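Enquirer: Sequence:
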Amino acid sequence: MAQSVLTQTIHDNEKLEKSTQLEFADNKLLIDLCGEFDRNLAELENKFSIQIVRRGNLLDLIGDKFSAEKVCRVLTALYQRLESGKLVEFSDIDREIRFVLHGKKSSTDQMEMFSNGHFEIRTRKKTVEPRTKAQRDFVQSLTDNELAFGIGPAGTGKTYLAVAVGVSKFIAGEVDKIILSRPAVEAGEKLGYLPGDMKDKVDPYMQPLYDALNDFLPAKQLAKLIEEKNY
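Under our numbering, the letters of the sequence shown match residues 1042 to 1272, in that order.
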């Protein structure tokens, strides 16, 4: 894999400002790293109170030396992610910033551990990765056991990761069918008063599962599988 940081030099000017220079080998990847209208760089400038100047395939980080070093770590980890063929989204930037601020290893280093344990979940439309140790342990439990429980607050990826693992197993032929189930937590109206047949009545409760399935499978294939009752 190409080195993301080829040179790093630190200069002092008359105002005692520090300038750290990063050079990236692939200018196309650098465009993805910077984001649309350099919004990724703007986020880092805001978080670490430094200025980032882009010149060709060079980035000059102007400001406090320690802040610049942290930004170097974030940019290097994100660039390595791009080199491996993955996308860089806003959530990836936020994750790397949190890793750096809390003095932890970058997620790139952690993903090396994940790859040894098959922690990349491959589906027809996208590849999903656990982003925390708890998510990694959850995915490991889903793959190693016939029955697994995920307990945690809303928005921590329990449903999404479970559906991803189920779809990957279905594609690999490890399971013949995916059965979707969800508690029908009523809000106002009783379930029996909703219009339509049984499917119409339960669909509103199943929407998070359908949303996850749409992320992992082409729409036509998903519709056919549901029609054939493979889900």
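If you're looking for bench data, these hints aren't it; they were derived computationally from the structure. A hint or two may mislead.
To be verified - Cross-link-like lysine to aspartate or glutamate pairs, in silico, DMTMM-like; alpha carbons within 25 angstroms at most:
#1 K1199 <-> D1185
#2 K1174 <-> D1244
#3 K1166 <-> D1133
#4 K1210 <-> D1244
#5 K1199 <-> D1217
#6 K1218 <-> D1252
#7 K1127 <-> D1178
#8 K1167 <-> E1110
#9 K1174 <-> D1133
Keep in mind that this is a model prediction, so the values were computed, not measured.
Enquirer: If a hint holds in the structure, say so; if it does not, say that too.
Expert: These are the hints, each one checked on the structure:
no. : hint            : verdict
1   : K1199 <-> D1185 : holds (16 angstroms)
2   : K1174 <-> D1244 : violated (32 angstroms)
3   : K1166 <-> D1133 : holds (19 angstroms)
4   : K1210 <-> D1244 : holds (24 angstroms)
5   : K1199 <-> D1217 : holds (22 angstroms)
6   : K1218 <-> D1252 : holds (18 angstroms)
7   : K1127 <-> D1178 : holds (22 angstroms)
8   : K1167 <-> E1110 : violated (33 angstroms)
9   : K1174 <-> D1133 : holds (15 angstroms)
In summary, the structure is inconsistent with hints 2 and 8 from the numbered list given earlier, while agreeing with the others.
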